[in-house]
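A.B. asks: One letter stands for each residue in the lines below.
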Amino acid sequence: MSSPVLPKRRLATLPLLRRESIGGLYHVLTFDDPEGSLALPGQFTMVRGAEWGDAPLLPRPMSYLTAGHTPSILIKVIGEGTLRMGRAEPGEPFALLGPLGQPWRASTPGRRAVLVGGGVGIAPLLFLARSLAGGGGKQPIAIYGGRSAKDLPLDDELATLSELHITTEDGSRGTKGRVTDVLKELLGPDQEVFTCGPDRMMAKVAELCASRDVPCEASLETPMACGYGVCLGCPVPMTDGSYLYACTQGPCVDARRVDWSRADHAPKKGVTLLRTKS
Amino acid sequence: MSSPVLPKRRLATLPLLRRESIGGLYHVLTFDDPEGSLALPGQFTMVRGAEWGDAPLLPRPMSYLTAGHTPSILIKVIGEGTLRMGRAEPGEPFALLGPLGQPWRASTPGRRAVLVGGGVGIAPLLFLARSLAGGGGKQPIAIYGGRSAKDLPLDDELATLSELHITTEDGSRGTKGRVTDVLKELLGPDQEVFTCGPDRMMAKVAELCASRDVPCEASLETPMACGYGVCLGCPVPMTDGSYLYACTQGPCVDARRVDWSRADHAPKKGVTLLRTKS
Amino acid sequence: MSALAIDIGTLKLKNPILTASGCFGYGLEYDDFYDVAELGGICTKGLSLNPRAGNPPERICETPAGMLNAIGLANVGVEAFCREKLPTLRERGVTVVANIFASSVADFVAITERLNRETGVAAIELNVSCPNVTEGGIEFGKDARMCGEVTRAVRVATKLPVWVKMSPEAGNIVAVAKACEEAGADAITAINTIRGMSIDIEQNKLRLANRTGGFSGPALRPIALRIVWEIAGAVSIPVIAIGGISTTRDVIEFMAAGASAVQVGTANFVDPSAAKRVLDGLRAHCESRGVDAKALIGAARG
Amino acid sequence: MSALAIDIGTLKLKNPILTASGCFGYGLEYDDFYDVAELGGICTKGLSLNPRAGNPPERICETPAGMLNAIGLANVGVEAFCREKLPTLRERGVTVVANIFASSVADFVAITERLNRETGVAAIELNVSCPNVTEGGIEFGKDARMCGEVTRAVRVATKLPVWVKMSPEAGNIVAVAKACEEAGADAITAINTIRGMSIDIEQNKLRLANRTGGFSGPALRPIALRIVWEIAGAVSIPVIAIGGISTTRDVIEFMAAGASAVQVGTANFVDPSAAKRVLDGLRAHCESRGVDAKALIGAARG
Ligand SMILES: Cc1cc2nc3c(=O)[nH]c(=O)nc-3n(C[C@H](O)[C@H](O)[C@H](O)COP(=O)(O)OP(=O)(O)OC[C@H]3O[C@@H](n4cnc5c(N)ncnc54)[C@H](O)[C@@H]3O)c2cc1C
Ligand SMILES: Cc1cc2nc3c(=O)[nH]c(=O)nc-3n(C[C@H](O)[C@H](O)[C@H](O)COP(=O)(O)OP(=O)(O)OC[C@H]3O[C@@H](n4cnc5c(N)ncnc54)[C@H](O)[C@@H]3O)c2cc1C
Ligand SMILES: Cc1cc2nc3c(=O)[nH]c(=O)nc-3n(C[C@H](O)[C@H](O)[C@H](O)COP(=O)(O)O)c2cc1C
Ligand SMILES: Cc1cc2nc3c(=O)[nH]c(=O)nc-3n(C[C@H](O)[C@H](O)[C@H](O)COP(=O)(O)O)c2cc1C
Ligand code: FES
Ligand code: FES
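Protein sequence lines correspond, in order, to chains A, B, C and D. My numbering puts the first residue of the first sequence at 1, with every later residue one more than the last. My numbering puts the first residue of the second sequence at 1001, with every later residue one more than the last. My numbering puts the first residue of the third sequence at 2001, with every later residue one more than the last. My numbering puts the first residue of the fourth sequence at 3001, with every later residue one more than the last.
These aren't lab readings, by the way, just hints derived from the structure by calculation. Be careful, since some hints might not be right.
Stated by the list, open to error - So the derived label-pair ranges between C-beta atoms look like this:
| hint | chain 1 | residue 1 | chain 2 | residue 2 | range |
| --- | --- | --- | --- | --- | --- |
| 1 | C | 2159 | A | 51 | 34 to 44 Å |
| 2 | D | 3090 | A | 190 | 45 to 55 Å |
| 3 | A | 159 | D | 3087 | 11 to 21 Å |
| 4 | C | 2292 | D | 3080 | 21 to 31 Å |
| 5 | D | 3092 | A | 170 | 49 to 59 Å |
| 6 | A | 262 | D | 3087 | 34 to 44 Å |
| 7 | D | 3182 | C | 2056 | 31 to 41 Å |
As the list claims (entries may be wrong) - Derived list of chain C stretches under chain D, where covered just means 3 residues or more per stretch with a C-beta under 8 Å from a C-beta of chain D:
| hint | region |
| --- | --- |
| 8 | 2056-2070 |
| 9 | 2169-2178 |
Everything numeric in this text was worked out from a predicted model, so none of it was measured. Note that CB positions come from ideal geometry on N, CA and C, so glycine has one too.
Next up, chain A with everything else stripped away, as it sits in the complex (with noise of 0.2 Å):
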C-alpha cells in the first residue's frame, strides 16, 4: 500500500504550543515535537487528546498545515472532537499519529500549479503552496472558495504564496460564485489543479479538468478509525468499481479515478445542532 519513500509514521505525545484562534469556528493548533515531523504536502495525522478517556473515542484525521518541529494543524468546529480541539490550552498533551497516507503527487515541470480549495480544504493546499515556493518554480495560482469572507481561513497567508483568486457565494468577498466559475476562466492546458474541500466542489473541479484534459489532483476526506489501514473503515468508489482506502491509498489521488457520484449524497450541511451535549 504505502510506497517505501514515505517518512516513518510515529505515535507521538506532544503538548500544544499554542491555539491561534483566527475567527468564527476556525483554529490553528501548533504542536511542540522535539523529534520533529517529516510529513509531506498532503499528508495527514491522526489526533486526539490524550487526556480524552473513552470519550470521544477515535482518533480525528487533520491535514499537516505545517511539519518539522512545530508541526500545526487548522481545524473547524464542527463536533465533540475539534470542539475540544477548539478549547485546548498550551501545554495539553495530544497523540499524534503521522505522517500518514499519500501526499499530493510532485508537480509536472513545465505546468503552472492551480490550486483549488475550500474551507479546511485549504490546510494541505497551503502546505504544497509554501513547497512549490520553495522549489522556486512559477508562482502557484489559487481560487479560493466558501460561502461567506469568514469561511476563508488563512486566506492572508495563500496571498503572499500564490496569485489568488477569490469567491464567495454571497459576494462579500471576491467574486460572487464558486471556485469554479473561476477555475472555468483560468484553466489552461499547461497547468496541473490541487484540490481539498467539499466533495461536491472537488467533484465539479475535477469534471472541469477532465473535459479540458488537465492533471487533477485531489484530497479525499472520509470517515477514518485506525488511519493507517487495517480497519478497512474509509473506502472511497473509484470508477473501475473498486474501493480505493482513503487512509493509505489516499488521501491524495488523480481525480479522475474518483466515481464523484458520492459526491451527489455527500452532507448537505445546513441548520445543524453542533454534534455535542445539548
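With chain A fixed as given, assemble chains B, C and D with the ligands onto it according to the hints.
C.D. replies: Chains B, C and D with the ligands in isolation, oriented as in the chain A frame:
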C-alpha cells in the same frame, strides 16, 4: 426523605476559581458561586466536569469543605474522575449538584465534640469544626489519623480549630498507631463523637463509643449514581436489617444504627494500579 | 407554535418526553428542580405486589459512558404507592405510567387489579425484562410465548393502556414485540438494560453483590436505536424508545428511527433536569423547523 | 522473572495478548511501530473462500466510548492470504490465527482445507458471528445446532486447533458455547460485536450504508465481561476474551473472570501499539506481584 429544613438543592455550573495542590494526591478545589451555597457541615455535592462529555459519566460525591460564595472540596486522586479534578485549571466549568444529604446533627449542649477523622474524611469534620468555633462553645477535640505524615491533608487548619491529636500508622508523625488508640484514652462520658473516614476506622470508633455509651455520628461513604434519592444505588445495611439510603437519609447518621459488619469486606486499599488508562 | 402532543394509542401525551422507570424515583423528588407535570409522563420505579428491600450493596458501578445497576427492584409495593405516592402525583397533574413487575402471571394481574381501583394512572408498563431478579424478569422477556401470555392476562384485566417493555437479550426481539402486539399491547417500550459485569482487580472480586447488573447510559444508545428501528418496522402499535437518551439530538434520532415517544433514564443521574432540558430543546427544534413533534416520527425511515 | 506463556489446549502461546480479527489487518501494517511476533498471536482479518470487496461507504461511525462498523468482511480471500501475506508472517515468527468466514458449512471446510496446505497457521478461528453480512454470519452464531455443525465439520477437516467466536446476540450463548465444545472446539472466543445503529439527524439518514453495524470498543466491555464469565463457568475448554480491552487493567479483569487469553481490537485504532502496551503492562504487573500470567486466570471466581 430529606427533612424540609434543609437548603434547596440546585445544579449549578460553576467555574473553578483555584486548585491548590496540597501534597501527595490531595487537592483543594474552590469554585465561584455568585448565588452562594447554603450547604451545612456534613452535606455533600455531586461534582462533574461540565466538559467531560460521555465519560466518566457519573458525577462524584464530595463533601463540602466550605460553603458560601466560594464553595470548596478536598479531593484525593484515586481514579479517572478525581484525576481530572486534580488536573483542572482555573476557569474550567464544573457542574455541582447540591447541597445534598443529611448534615451532622446539631451538637448537644454540655457535650464536648470529638472529631475523629482519617484521610479525606477530614473535609466534613473541618467544616463542622469551623461552625462549632462560630458557635462559641467549648473547642472540640480532634483526632486525625493517617498511614503516614503525608496522609494528613489540612491538618494545619484543623490545629487552629481544635485540640488536635495526630496518629500515624508508621509513626512518622504524632502517636504511632490508630485514631482509636488515642480515642480510647480521651473518650469521656460528657462528650459526643463525629467521625468520617475509612469504614474500618469508623466501625471501631462506633464500637468504642457504643461500649462507653457516648453518642457517635458517622458520615457514610458508598458509591452513588444520582445523589438525590432516585436510583436506590446507595443502600447501607442497618442493624435492624433495613437499608438506609446514604444520599438522602445519610451520609450523616447515628453510628449505632449502622451494621458495621460491612466494613470487613470494605476495600483493603493496597498496591493499586491507578484506576485509569495504562 | 409547534404542537408537541403525541398519541400513544388512545392515550394523548402532552409531549413525547417521559422519564424511565427506576431512574426517576416516584417523581416526587424533583420539587427543587422543576415541575414534572410538564413532562409527557413519568414511569414509576417498578412496583411489585409486596414491598421489596432490593439487593445488598454494591448495587451500582460505572463503566465507559455507562453504568451497571443491580437494584433488585427495591420498591414500596403497589399498595403503598397507591396510598402514599399516587395522590400527590394526581394532584399535581402528573401523567403517571405505573411500571409493574411480578414473577408470575397471577401477580401481574393482581397488581393490575389494585391499580384499577385508582384514578390518576395513565398507563401500565409491564417490566418483563428486569435482569436483576432471579425469577420472572428477564426470563419472561426473552420468551415470545410467555410475554404474550402476560400481556394478554393484563390486557383483559384492565381498561388502562398496556405497554410492554422489551429485553434486549431476547434472541428474537421482533418476535417478542409482535407477540405482545397480538396479545393486545397498546405500545412497546424498548429497551431495558443488558446484563453486564465489572471486577475490582485490586480485590479480585465482582463489583456488584448481584454479580451482574443492567448496563445503561449513552454507551447503550446505538444498540437501543437498532432495536427500536427493528421493532418500529415490524409492529403497527407505537414504540417508545429508551436507551442512553441524554440530549435533544438523541430524542430526534430515536424519533427519526420510528419512536413515537422516548424515556430519559440514566441521564437523570447526571442532571436532575435532563428530561426538562431535552423537552425544551425539542420544543426549540420543532419551532425552528416549523414542524410538530409528530412529524419527527420515522423521519429517517424514508 | 514471571512466565507469561499460556496454553490454549495443545497450542502454547508466548503470552495471553492477541489482536482481534479485523482490527489488525493481516499483521503486516506495523513495521513502523513494533514487532508483532512479540505478541501471543494475531487474528487475521476474516478470510473467505473468494476475495470480497466489502460494503459500500459509510462503513464506520463513532458512538459514546465505542464505534459501529459494517466493513462487510472485505478481504483478499484465503488464496491470496496464503500466497501474499502468510509467508512474511511465517518468516517473522508471528503466531497466526486464521479467522475464517463462510455462509455454508461446505465453504468453511473448503477454506480450512486450503489452510491445511500451509505451515505457519497456529489455529483457525471460526467467525460464525459476523453481524454485517446477509447470509451466514450471525445467523449461524445464534443457533447452537448450526454452530455445533460448523465446528464439527471443521474439526474433522483439520489437525489445527479450532476456536469458535461467539455472537453476543444469541439468546442462549452458554448453550451455543457448550455445543461448540461438544463438537470438538479447542477454545471459545467471545465476543464478536453487537449490532447497533446511528442516524444523522441533519440529513435524516442512517450513518452506515449497511444500516446496522457491529458495536465495539470500551463501551462494550461490561457486556463482554459478563458473557466471558458465563461461558468460562460452563465449558472446560479455554475461553479467549474480546471486547473493549484497551488497558492492562482490562486484561487482568478479563483473565480474573476466567479468560485464558485476550484479544485487543478497537484499541488498535486509537493506538497502533495498544497490544504491545498492554503486554508490557501485564509483564510489569506479573513481575510486581511475583506471579505467572497463568495465575491470573479465574482469580475472581473464588
Ligand atoms: C484526510 C483527512 C484530512 C482532514 N483534514 C482536516 C483539516 O485539516 N481540518 C479540519 O478541520 N478537518 C479535517 N478533516 C475533517 C475532520 O477529520 C473532521 O472534521 C473531524 O473528524 C470531525 O470530528 P468531530 O469530533 O469534531 O466531529 P463529530 O461529528 O463529533 O465526529 C464523529 C466521528 O465522525 C468523524 N467525522 C465527522 N466528520 C468528518 C469529516 N468531515 N471527515 C472525516 N471524518 C469525519 C470523526 O472523525 C469521528 O470519528 C480531514 C478529514 C480527512 C479524512
Ligand atoms: C457522601 C460522600 C462524600 C465524599 N466526600 C469526599 C471528599 O470530600 N473527598 C474525596 O476525595 N472523596 C470523597 N468521597 C469519595 C469520592 O466520591 C470518591 O473518591 C470518588 O467518587 C472517586 O471517583 P474517581 O472517578 O476518582 O474513582 P473511580 O474509581 O474511577 O470511580 C468509579 C466510580 O466509583 C465511584 N467511587 C469510587 N470510589 C468511591 C468511594 N470511595 N466512595 C464513593 N464512590 C466511589 C465513583 O463515584 C464512580 O462512580 C465521598 C464519597 C461520598 C459517598
Ligand atoms: C438504577 C436503575 C434502575 C432501574 N430500574 C428499573 C425498573 O425498576 N423497572 C424497569 O422497567 N426498568 C428499570 N431500569 C431500566 C431503565 O428504565 C431503562 O430501561 C434503562 O436504564 C436504559 O435507559 P437509559 O440508558 O436511559 O438509562 C432501571 C435502570 C437503572 C439505571
Ligand atoms: C472494524 C472492525 C472489523 C472487524 N472485522 C472482524 C472480522 O473480520 N472477523 C471477526 O471475527 N471479527 C471482526 N471484528 C470484531 C472484533 O474482532 C471484536 O470481536 C470486536 O470488535 C470486539 O472487540 P473490541 O471491542 O476490542 O473491538 C471487527 C471489528 C471491527 C471494529
Ligand atoms: S481508516 Fe482504517 S483502513 Fe483507512
Ligand atoms: S445515590 Fe441514587 S438513591 Fe442514593
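A.B. asks: Does each hint fit the structure? Answer for all of them.
C.D. replies: Hints, one by one, checked against the model:
no., hint, in the structure
1, C:2159 with A:51: 34 to 44 Å, "violated (56 Å)"
2, D:3090 with A:190: 45 to 55 Å, "holds (51 Å)"
3, A:159 with D:3087: 11 to 21 Å, "violated (54 Å)"
4, C:2292 with D:3080: 21 to 31 Å, "violated (55 Å)"
5, D:3092 with A:170: 49 to 59 Å, "holds (58 Å)"
6, A:262 with D:3087: 34 to 44 Å, "holds (36 Å)"
7, D:3182 with C:2056: 31 to 41 Å, "holds (37 Å)"
8, 2056-2070, "holds (count 5)"
9, 2169-2178, "holds (count 4)"
Comparing the model with each earlier hint shows violations of hints 1, 3, 4; every other hint is respected.
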